[in-house]
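**Student:** The whole structure should be built from the sequences, with the hints applied where relevant.
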Amino acid sequence: EVQLVESGGGLVQPGRSLRLSCTASGFTFGDYAMSWFRQAPGKGLEWVGFIRSKAYGGTTDYGASVKGRFTISRDDSKTIAYLQMNSLKTEDTAVYYCIRGAGANVLRYWGQGTLVTVSS
Amino acid sequence: DIQMTQSPSTLSASVGDRVTITCRASQTISGWLAWYQQKPGKAPKLLIYETSGLDTGVPSRFSGSGSGTEFSLTISSLQPDDFATYYCQQYKTFSGTFGQGTKLEIK
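Chains as they are written, first to last, in the numbering used here: chain A, 1 to 120; chain B, 1001 to 1107.
In short, the hints are calculated from the structure, not lab data. Only a predicted model underlies this, so the values are computations on that prediction, with no experimental measurement involved. Incorrect hints may appear among the rest.
In the SDA-like style, the derived pairs of lysine to any residue whose C-alpha atoms are separated by at most 25 Å in a straight line are [unchecked claim]:
1) B:Lys-1039 to A:Thr-60
2) A:Lys-89 to B:Gly-1041
3) B:Lys-1092 to A:Thr-60
4) B:Lys-1039 to A:Leu-11
5) B:Lys-1092 to A:Glu-46
6) B:Lys-1039 to A:Ala-104
7) B:Lys-1039 to A:Thr-28
8) A:Lys-43 to B:Ser-1060
9) B:Lys-1042 to A:Gly-58
10) B:Lys-1107 to A:Gly-44
11) B:Lys-1103 to B:Ser-1063
12) B:Lys-1042 to A:Thr-79
13) B:Lys-1045 to A:Lys-89
14) B:Lys-1042 to A:Gly-42
15) B:Lys-1103 to A:Val-106
16) B:Lys-1092 to B:Val-1058
17) B:Lys-1042 to B:Thr-1069
18) B:Lys-1092 to A:Gly-8
19) B:Lys-1092 to A:Leu-11
20) B:Lys-1042 to B:Thr-1056
21) B:Lys-1039 to A:Ala-40
22) A:Lys-43 to B:Gly-1016
23) B:Lys-1092 to A:Ala-104
24) B:Lys-1039 to A:Asp-31
25) B:Lys-1092 to A:Lys-89
26) A:Lys-43 to B:Pro-1040
27) B:Lys-1092 to A:Val-12
28) B:Lys-1103 to A:Phe-27
29) B:Lys-1103 to A:Thr-28
30) B:Lys-1042 to A:Gln-112
31) B:Lys-1045 to A:Gly-26
32) B:Lys-1045 to A:Thr-28
33) A:Lys-43 to B:Ile-1106
34) B:Lys-1103 to B:Asp-1017
35) B:Lys-1039 to A:Val-106
**Tutor:** As structure tokens, then:
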């Protein structure tokens, strides 16, 4: 059974950093791209970014609103994907979801989400 | 970037009703369109992929259709468990843009 478990969310002040983790199980992690989407309270779903599998270079792409501030990485040996968030803004407040695959795939497997609140 | 526009934003209906939600893409996405259901506090759940493919375990009262830039999700006979928010998503590009959502409410 595919499982994705996010962790690392919480309350953080504007301008600070936070790192989210997504621990995967039930599939060959290294074979898949991994994505992050987010959902602000009461709003829709926004693409944050994704990381390709090593077979496709392990490269990353990001949405315009987070590019230059957020970094996605992966540790295939630990089956964990990371989302490093720097220079956080109040508008980054959202539930962050880890998803198997890229936005150019059907998004069948989602984590439960982790809430990040950016506030002073 | 491809924009996805859903209508209506809110839909009030009763158990047993037939309802349709529409989704329009700002450019052609061929058939790369999925539909998701989301309940409060939960992650979205995949219902339909590639415009009309029913995901495993999804009841047959859900169906999808369309092509190019115009798509729709139909629920043939609403059940109490169907009251939720529905999102369309294009996956022609890796940004995987979602529509803004349609909240299906009990009338």
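**Student:** Take the hints in turn and mark each one as holding or not.
**Tutor:** To see whether the hints hold, each was checked on the structure:
1. B:Lys-1039 to A:Thr-60: Violated, at about 30 Å.
2. A:Lys-89 to B:Gly-1041: holds, 23 Å
3. B:Lys-1092 to A:Thr-60: Holds, at roughly 17 Å.
4. B:Lys-1039 to A:Leu-11: Roughly 24 Å between the alpha carbons, so the hint for Lys-1039 of chain B and Leu-11 of chain A holds.
5. B:Lys-1092 to A:Glu-46: holds, 16 Å
6. B:Lys-1039 to A:Ala-104: Distance ~24 Å between Lys-1039 of chain B and Ala-104 of chain A Cα, so the pair holds.
7. B:Lys-1039 to A:Thr-28: violated, 29 Å
8. A:Lys-43 to B:Ser-1060: violated, 28 Å
9. B:Lys-1042 to A:Gly-58: violated, 29 Å
10. B:Lys-1107 to A:Gly-44: holds, 23 Å
11. B:Lys-1103 to B:Ser-1063: The hint holds at about 17 Å.
12. B:Lys-1042 to A:Thr-79: Given that 25 Å is the threshold and the Cα spacing comes to 23 Å, the pair holds.
13. B:Lys-1045 to A:Lys-89: This hinted pair is violated, its Cα atoms lying about 29 Å apart.
14. B:Lys-1042 to A:Gly-42: holds, 13 Å
15. B:Lys-1103 to A:Val-106: Measuring from Cα to Cα gives roughly 22 Å; hence the hint holds.
16. B:Lys-1092 to B:Val-1058: holds, 23 Å
17. B:Lys-1042 to B:Thr-1069: violated, 29 Å
18. B:Lys-1092 to A:Gly-8: Violated, at roughly 31 Å.
19. B:Lys-1092 to A:Leu-11: Cα-Cα ~35 Å, so violated.
20. B:Lys-1042 to B:Thr-1056: Given pair Lys-1042 of chain B, Thr-1056 of chain B holds - Cα atoms ~19 Å apart, limit 25 Å.
21. B:Lys-1039 to A:Ala-40: Between Lys-1039 of chain B and Ala-40 of chain A the Cα gap is close to 15 Å, so the pair holds against 25 Å.
22. A:Lys-43 to B:Gly-1016: violated, 28 Å
23. B:Lys-1092 to A:Ala-104: holds, 6 Å
24. B:Lys-1039 to A:Asp-31: violated, 30 Å
25. B:Lys-1092 to A:Lys-89: Status violated; Cα separation ~30 Å.
26. A:Lys-43 to B:Pro-1040: Given pair Lys-43 of chain A, Pro-1040 of chain B holds - Cα atoms ~12 Å apart, limit 25 Å.
27. B:Lys-1092 to A:Val-12: Violated. Lys-1092 of chain B to Val-12 of chain A sits at ~35 Å, over the 25 Å cutoff.
28. B:Lys-1103 to A:Phe-27: violated, 33 Å
29. B:Lys-1103 to A:Thr-28: violated, 36 Å
30. B:Lys-1042 to A:Gln-112: holds, 7 Å
31. B:Lys-1045 to A:Gly-26: holds, 18 Å
32. B:Lys-1045 to A:Thr-28: holds, 22 Å
33. A:Lys-43 to B:Ile-1106: The hint holds at about 20 Å.
34. B:Lys-1103 to B:Asp-1017: Holds: Lys-1103 of chain B and Asp-1017 of chain B sit about 15 Å apart, inside 25 Å.
35. B:Lys-1039 to A:Val-106: holds, 19 Å
The structure fails to meet hints 1, 7, 8, 9, 13, 17, 18, 19, 22, 24, 25, 27, 28, 29 from the earlier list, while all remaining hints are met.
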